[in-house]
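Each protein sequence line maps, in turn, to chains A, B and C.
Numbering follows this note's numbering, in which position 29 of the first sequence is assigned residue number 29; successive positions increment by one, without gaps.
Numbering follows this note's numbering, in which position 186 of the second sequence is assigned residue number 186; successive positions increment by one, without gaps.
Numbering follows this note's numbering, in which position 92 of the third sequence is assigned residue number 92; successive positions increment by one, without gaps.
Possibly wrong hints are sitting among the right ones.
In the DSS-like style, the derived pairs of lysine-lysine whose C-alpha atoms are separated by at most 27 Å in a straight line are [unchecked claim]:
#1 Lys133/B with Lys167/B
#2 Lys322/B with Lys255/C
#3 Lys133/B with Lys255/C
#4 Lys139/C with Lys151/C
By construction, these hints were calculated from the structure, which means they are not laboratory data.
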Amino acid sequence: MGGATTDLVVEFGAAVQSLGALQAAAYRLIGSATCQIDQVADHFVCRLTPVNNPNKKSSHDSEALRIHFLDLVTDENLRERIAARTDGVRNVILALAFGSLASAQNDRP
Amino acid sequence: MELLPLRFERAGKSYLVSNMVGDFVRLSGDELNRLVDLRVRPGDGLYEKAYAAHLITGEGQTAQRQLLALRLRSRMAYLREPTPLHIFVVTLRCEHSCPYCQVSRQSTDRSKFDMSEETARHALNIAFESPSKRIKIEFQGGEPLLNFPMIKNIVAAARTQAGTVGKAVDFVIASNLALLDDTVLAFCKSNGVLLSTSLDGPADLHNKNRPRPGGNSHELATRGIRRAQEVLGPEQIGALMTTTEASLDRVEEIVDEYLRLDLDGIFLRPLSPYGFAVKTKAIRKYNSKGWLEFYARGLRYVLEINRTGRHFPEFYATLILKRMFADRPLGYVDLRSPAGIGLGALVYNYDGKVFASDEGRMLAEMGDQTFELGSVAQSYRSLVFSDKLLDLIGSSLTQCAPECLDCVYEAHCGADPVYHHATQADPVGMKPLSEFCARQKGVTNLLLEILETSPQDAAILRRWGGM
Amino acid sequence: MGRHVTLPLYGTAIFSRGVSTATASSVVRLRSGLDSPATSAADFKLVRSKEELQAVADSHHGVMIVSDEGLEDLPQAADCARLISVPAKFDYFSDGDIIGFQPQSGRFRTLYRRASAHNSLLVTDRCNHYCLMCSQPPKDIDDRWLLEEIKAALPLVAKDTKSLCFTGGETLTDWREFVDVLADCRDELPDTAIHVLSNGRAFVRDEVVAAWTALRHPNLTAGIPIYSAVDHVHDYVVQARGAFDETVLGILKLKDRAQRVEVRVVLHALTAPRIVETCTWLARNLPFVDHVALMGLENIGFAIANANELWIDPIDYRLGLAEAVDVLASARVNVSVYNLQRCVLDRSVWPYAVQSISDWKNGYVEECDHCIEKTRCSGFFTSGRPRRSRGISPILAL
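Work out the full structure: start from the sequences and follow the hints.
Here it is as structure tokens:
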């Protein structure tokens, strides 16, 4: 079927936007819009199609969906930043919480 | 200064933020970004808010890490005592014909659908193999009182076995109470057996949900409740409601009925998607939004009652509040990750098959064996630590599932692999499509809103959370 | 009506004779009346009059004269080999009380009062904190003789004493010697609850927690202050960087070994406005402590010097305190409120308000005369420079 001309298209520069964050944002859209992500040269191209009334779309709806998607991507980017800064200490805390169980396992004959 | 693990969710103009153990704070977008970039300083207000919520820690400090680790461990401590709940389906026979019932209708005729003594014996052995120091045996059906002799046998045998292996055992009979008589009451009293029944609301609503020859299900249930309160004591009888489309507009009447019968609280439950509900399409009759409106109305009405001084908790809220306010393990097996299937409860069917949950049994009645673990001829270990069960549990962990793993509410939620399998043919489910997810978020948000905007109601909710 | 002044616990003897100077301090237990047995060499007969002096003059025991009438000069006193004479203002001395007496200087201190429910033993004046409101400002001196004095006194303490409190300074400054003292408590006074006030930081060290745990004392509680949920606020109140982190860790280590811990929060201008945040934090993070004490400020010591920074009228934190108590109580944490008068507390807090002020520094004011809650109220500190809330007024009806 390919992209209809009424699809909403949002582009991101691959140099500044991670694919993982786009995919996570697309995931959150499941049920309200489909999101097809393609890489074209140094861009990610996201094609969004609302699940309800895919053919009957006002420009108002498009704009709302675009903003919503951009918000989701912004949030996922922030989550990546947070993970990068906290995954280390998170592992330390998990080790503190459950690490003694692991060593107890190792001690077993 | 160091950032500690945190999650967030957009909530209108602000962000709801939580730490590794689910303590919530609300931040503006600017505050959140400043926090992540560590552009905070002691005395700027944001530092203090973030530090008290374990979102940042000071250089060289270790106490907060230890606190988070300790609290995480506490929140998971229920894993040390797996399978506290053992459900014995002593018969499939029932004389009601409720449209949402999750077991087949059977005639009241033959004992073809009763649990045998041999099955019961094997099932008890499995139950007492569970590592939990205290187990609860729950009798279900059909209508379990239709096989009362088997209940008596199992209780007697269980008490003996409990003494031998040094475990404590509690008993509950989940019954419509139509067959409750003095003999049954006397037995319950002398053996400390609790009763749990269904009460969907006032008579017309209850009877519509629960057709019975004679059409007097409500009358029998309420009479049974009163008798049980009288003979066993009010703490020994509880009631659960089920929600149908007919309930949605009448939540105050339903609560009033519970109050009228001096019950100690109410659990405003959603309709489950299993069994007859799916067959008769009752599940399609309302979506999560409709139910959330029903729930919000009901909760606010219950809070009004509590404001007059009467202690009357709503139990769904109470569950989530207990998760939010304390790290103590809860007995409720259905809102956990790792999921409570098998690890929380085992179901021994009348025919000797063993299931990972009550809903799993109901799916099997419709031909889906996904949650069938084996038979009572097996050992506890081979049933619970089977690849089949561990795969189901492992694949549905909210700690790893898409969206769940970043979800701000995850610490107070659970995996429900049976629900997601039944509705999406996948134990994880796509959470954006999950009504379970929408309900959980909706209820949690509602509670947070009340906690933040009404000091008087907040005090009531805190009390529930500390029960 | 009760005393309106603070009991004098320190003084200088008018005269003394025959008290051994082998140790810096000697402990003396007072015995009054002819029928009261004097069984230890440390027992001194308590004498207030010429007649009483006459009655004991020929005994072998030491004699403690409490009088302004120069009884020590009477001929009857001449035969008393060991004699101490103190002014009449110490007329509260009674049977079973224990005095620490320094013969070189004549200075003495009441260590223990048999009839009191609030006996507190000072372990040291040294401290590694410098709390802004410290009621016992630290001194950097060698006062290890205080522990020796306590060791000598413990065998003389009445066996049915319900509780004893150890304070300082920082009680764990010489933790080995202090743990020895606690061992003596366990052995000499097995039925006496022991409360030790400490900043808790010593418990970061495993050896200290191990020694404490090894005591296996039947009823030993560490009372440890936490002033905030926020590190720099707590550190500022105690004037020691890193204090919060170590204090919390110390508490965790103690609770890990199932030792009893009470968390104490003194309420003043730096802590009271944040009390809801602090108690919410305690309820979520340390709900397993044995008790939380929320305490009105005693305006003594450094608290006076720092009054500008610390004074807040309790009426102004009344609602926050009520919410904080509700948060802790809902979380099933044992909580009490100390040192605050019922008229400045929200009524919801009354069930938690304890009559906590040590009897020797406890009093009431004129407004209290007709208050119906007076007998249940904690009253006021008479020590230091008492400062009253503008909300003090009698409760005439409920």
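Now for the hints, and whether the structure bears them out:
1. Lys133/B with Lys167/B: 5 Å, holds
2. Lys322/B with Lys255/C: Measuring from Cα to Cα gives roughly 22 Å; hence the hint holds.
3. Lys133/B with Lys255/C: 24 Å, holds
4. Lys139/C with Lys151/C: Holds, at roughly 22 Å.
Violated hints for the displayed structure: none, as all numbered hints are satisfied.
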